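These protein sequence lines map, in sequence, to chains A and B. With the first letter of the first sequence counted as 1, position 193 gets the number 193 in the working numbering; the numbers rise by one all the way through. With the first letter of the second sequence counted as 1, position 68 gets the number 68 in the working numbering; the numbers rise by one all the way through.
Keep in mind that a hint or two might mislead.
Facing chain A, according to a computed beta carbon distance under 7 Å, are these residues of chain B, among others [what the hints assert, rightly or not]:
#	residue
1	Ser94
2	Glu100
3	Ser228
4	Glu231
5	Lys261
6	Asn267
7	Gly337
8	Glu338
9	Leu339
10	Thr341
11	Gly344
12	Ser346
13	Val371
14	Tyr390
Because the hints were derived from the structure by calculation, they are not lab data. Please read these numbers as outputs of a predicted model, since none were measured by experiment. For glycine and all other residues, C-beta sits at the position ideal for the given N, C-alpha and C.
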Amino acid sequence: MTDPLPPAAPTALAAEPVGPTVSPPDRPSLPPGRWIRENLFPNARNSILTIFAILVALFAYRGLLNFTFSEERSWIAVRTNLRLMFTQAYPEHQYVRVWVAVGLVLVLAGLSAGIWARWGGVTLKRLMGWLMSGGGLVAVGVLIREPSVLTDAAGESVRDDAGELVRESFAAAMADRWVWWAVALVLFGIGLALWLRFEDLARRTIEIPVAWLVFGLPGLLVASTWVIRYGHYAFADGEFIAEPGELVAMSTRVPWTVMWLLLIGCYGIGRVARNRAIASAQAAAETSDDAEAAGDGVAGEGAPELPRGALAKTRTVVNLAWVLSPFFLYWVVMRDPEIDYAHVFSTMLPMGLAFGVAGSAVLWWLTRSDAGEVGRLAAIGLLLLAAFHWVAAFFGWYSMLQVARIAFLLLAVAGLLAPNFAGVAAQRRRLVGAWLFVVLLVFYGATVINAPSTIETPTDMFIGGFSVTLLVSVLTIMLSFPIGVLLALARTSRQPIFRVLSTVYIEVIRGVPLITLLLFFSGVLPLFLPDGMEIAELAAAILGYTLFSAAYLAENVRGGLQSIRRGQYEAADAVGLTTTQRTGFIILPQSLRVSIPPLVGQVIATFKETSLLAIIGLFDFLRMANSVIPNQSQFLGVRREGLLFISVVYWVVSFAMSKYSQRLEQRVGLGQR
Amino acid sequence: MEGMFSMNRRFAPITRRSALRLGGVLMAIALVAAACGSGDGDDQDVDGDEPAATTEAEAAAEEPEAEVTMTQDAGDLLAVVQDRGTLNCGVSGSAVAFSETQPDGSTTGFDADYCRAVAAAILGDAGAVNFVPLTAAERFTALEAGDIDLLVRNTTWTQSRDTDLVLDFGPTTYYDGQQLMARVDDGFSGTSTVSDLDGTSVCTNAGTTTEKNIADAANAAGIDITLSTFEDFDIVTENFISGACDAVTTDGSALVGRKVKQEGDQNWVIFPPTPISKEPLGPVYIQNQSNFGDVVNWTVYAMIIADEKGITSANIDSMMGSGDLDAEAVRMLGGEGELQTKMGLSADAFYNVISQVGNYDEVYTRNLGPVGLSRDGSANARWTAGGLIYAPPAR
């Protein structure tokens with residue numbers, strides 16, 4: 001934890017600290033001079049190390065600045081190609097779909113943040129520190145960056161007799177960079193002003209809600225597009241247009257504003273719902289005189305714990321929406337499937353109804369309290385039948401719709417789980433309801449996925465660049481997670497067949513380099529498929545990534561499983577839980593909690609590993625910067641700019657995930673018990 | 001896992017949420033299954049009546065592809081393309097001046113224009129092209145698998161490719177050849193030869209035949225060179241600029257492009273005048289598809305004939321209106337006879353090519369002119385001007 005939160009804010013009602021924190025009680029802050037002496041130069045050896053580290057940092061910083069602001073850089077290549085890098089050939093007149101997709105994600109994000117987030121706050125002291133060090137960093141950058149190259153009237157660089165570039169004097173360079181000086185001064189000034197205003201140490205620990213920063217900063221950015229002229233670069237009919245006078249993305253500032261308002265609006269809705277739930281829980285607690293339970297809920301300003309069970313339905317819906325949104329976004333919003341209604345009414349609908357009705361009947365029967373051995377045998381029979389369909393399909397014995405095979409398999413799985421729902425009528429209804437929901441999703445999904453798109457793009461991929469990177473990483477993470485958990489459970493299972501299979505799988509996959517696996521799936525897999533079965537390169541790549549990632553996730557989860565003490569298993573057995581219940585309610589929740597850091601590490605790794613797509617020939621984010629832009633005749637060989645730009649984007653996303661996981665760890669109290 | 005089948009039901013803390021969670025797990029399994037298998041053969045029964053044309057990778061990977069392969073085995077690729085209404089054309093997508101991906105996602109270049117020309121001939125619409133960007137490694141597999149109908153990806157015509165692979169080569173559209181580029185300051189000139197490279201370090205990109213060609217040429221000349229290879233020609237160029245390489249070598253067209261764009265204040269020169277290798281580039285299509293092959297070949301020839309006769313996209317309508325065309329041009333542009341209809345095309349197929357895409361010279365100048373490649377004096381000049389660009393007569 002890099003940011004120990006201070007103790008409770010003065011405004012807090014209860015003694016419980018804001019946010020789960022174990023930071024020691026207020027350590028008296030030292031005057032700057034003494035702090036520096038004690039921490040940076042306590043003795044000769046440390047002083048040398050400090051000076052060396054500062055020099056290295058300055059050197060790297062200077063190099064980065066010189067590179068970024070060098071006259072040789074053509075950042076215009078990145079600016080002109082922004083759209084290409086993010087969506088490749090997605091047609092312009094269909095761009096509203098992209099915005100709908102972004103908007104949906106932001107709506108969900110806003111709602112989730114409103115309902116769940118206990119973000120706590122940033123102390124004023126830290127905020128001031130950030131502002132002042134930001135200003136200082138800009139000022140140092142202005143000082144150490146090398147002076148610009150002089151240009152003559154024609155715009156050519158001036159060279160001296162030895163052919164070296166002539167640079168302006170230090171003083172002239174400093175004067176030229178007055179804008180940057182102003183930025184540094186403003187940042188530092190605000191920080192200093194706050195510092196002086198809040199001299200009292202107690203007041204410096206006043207917390208600014210993190211939400212303000214998270215929503216306010218993008219808001220400022222969006223608002224700035226209405227004020228600052230960023231310049232506009234575009235291509236039209238092969239002609240390069242540079243209009244430094246035009247506002248950046250005249251086309252995007254309105255959508256971005258709408259997006260931001262959506263985010264804020266949904267956050268507000270989520271907050272209101274949350275506060276209401278808390279208030280009603282409080283009221284209920286007061287009437288039942290259970291003050292202690294409600295006490296947790298009101299502790300801390302702006303960050304009370306949501307009472308257990310409150311908003312359960314809303315939370316379930318939002319969770320489900322998150323899980324389904326990638327599929328919805330990519331297949332419905334981005335591709336706009338042209339659904340063949342004749343086929344839907346003649347085949348999919350009747351078949352879906354048949355599976356729904358017959359499956360419900362089967363499940364209802366299987367969950368009878370007296371189903372017993374017969375029920376179990378019937379479920380196993382169903383599983384064998386479902387498995388046989390797949391074998392039959394592989395050898396081409398008889399034809400059957402793929403979706404029917406999938407539905408059979410799912411019905412068999414549901415049948416195997418039926419005993420867990422047996423007996424009580426409400427439980428049986430729940431199982432049947434879940435089954436109907438799954439049937440609906442499967443048949444709807446099959447219809448949508450198999451329908452051709454109405455969106456015409458000039459190349460065969462409807463998206464490229466960052467969208468492909470995002471698509472592959474999101475689907476990989478979502479698909480590999482359940483597989484990884486199942487593999488981990490199988491590897492720790494007492495059933496030798498599961499254990500052996502899972503161990504062999506994990507060890508084989510972990511022993512093969514990812515790029516080999518990808519090349520295998522994109523090039524060799526099609527040869528293994530039965531006749532007539534094809535697999536898209538993208539699907540093959542997602543499959544390869546999923547299998548790879550699942551093996552690693554499984555090991556991470558297994559680490560968590562092994563941290564669970566034996567007593568937990570025994571206690572679960574003692575209260576009569578079945579193995580499934582014990583795993584689902586006692587063991588997995590605890591082990592997943594422990595595995596959060598490695599799991600997030602794996603997620604971040606998967607996100608970055610998608611850059612290997614460039615090697616198997618897909619036009620992902622890296623490929624755009626590395627081979628497509630340097631091969632446009634107007635930007636021939638302009639590669640470093642693009643690489644720096646995509647590094648920054650990769651970093652921002654990875655850093656956000658890392659930060660989120662830190663918050664998650666705090667929320668579940670990891671490392672504090 | 002025996003609990004899965006256990007009937008111990010004393011405790012039943014299954015809430016609606018857990019039922020939904022179960023649903024989520026089932027969904028995930030279903031989606032994995034769908035991702036692996038939705039292209040199964042049986043689906044064809046259902047989706048068989050759909051047109052094979054889809055523009056999306058996912059959709060293309062499912063039934064339609066199997067269908068294309070099927071129909072290719074069964075019959076005529078030309079008819080397949082006409083039914084589908086789009087031409088799937090394999091290009092590089094990152095080859096300067098030949099096929100570039102533009103900031104708006106469109107594909108332009110010399111190769112891309114040949115894709116458009118063939119689409120204009122077959123479908124009457126130069127825009128009916130579905131560009132499939134391919135790496136050098138994938139290109140032939142994609143063609144053999146039927147993912148693409150036509151491959152125009154600066155591919156050199158060689159004997160081994162023509163015989164070993166299930167492909168046929170169309171007429172050469174661009175005569176390229178490997179050359180070298182070095183600095184004038186180091187004493188090189190336009191008439192330098194390979195023997196002048198003795199003791200220098202020469203750089204090129206890895207994994208192509210350029211490496212082998214320069215090694216062979218150095219051996220033949222009896223000189224010693226230090227050959228370094230880099231993954232990408234951009235990196236080769238950077239090393240040349242920084243001075244780490246004394247000379248670089250690759251196809252002449254690429255060298256000219258680099259010279260024009262990146263020479264700066266340095267003096268670079270390309271030599272020898274006669275390239276050290278022959279690299280004839282042109283369209284490639286699947287073997288034994290004569291109808292389709294004829295159309296591709298004669299599209300290329302029609303553009304060359306139009307160039308010979310001075311018919312351009314700008315003046316074609318006025319020339320046809322004023323009757324300035326000779327008999328061959330009239331036949332070729334569909335004014336009379338049935339040269340095109342016998343090929344399975346509409347009579348005005350080549351009129352569409354010239355009016356929508358242009359003649360050879362227009363395509364050349366539009367795409368290769370900006371990077372500094374000139375037709376004059378090169379192998380790509382008209383045959384009447386001493387070049388190799390020649391077409392059989394249209395009669």
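We went through each hint and held it up to the structure:
{"no.": "1", "hint": "Ser94", "in the structure": "holds (4 Å)"}
{"no.": "2", "hint": "Glu100", "in the structure": "holds (5 Å)"}
{"no.": "3", "hint": "Ser228", "in the structure": "violated (18 Å)"}
{"no.": "4", "hint": "Glu231", "in the structure": "violated (10 Å)"}
{"no.": "5", "hint": "Lys261", "in the structure": "holds (4 Å)"}
{"no.": "6", "hint": "Asn267", "in the structure": "violated (12 Å)"}
{"no.": "7", "hint": "Gly337", "in the structure": "violated (35 Å)"}
{"no.": "8", "hint": "Glu338", "in the structure": "violated (33 Å)"}
{"no.": "9", "hint": "Leu339", "in the structure": "violated (31 Å)"}
{"no.": "10", "hint": "Thr341", "in the structure": "violated (29 Å)"}
{"no.": "11", "hint": "Gly344", "in the structure": "violated (25 Å)"}
{"no.": "12", "hint": "Ser346", "in the structure": "violated (23 Å)"}
{"no.": "13", "hint": "Val371", "in the structure": "holds (5 Å)"}
{"no.": "14", "hint": "Tyr390", "in the structure": "violated (28 Å)"}
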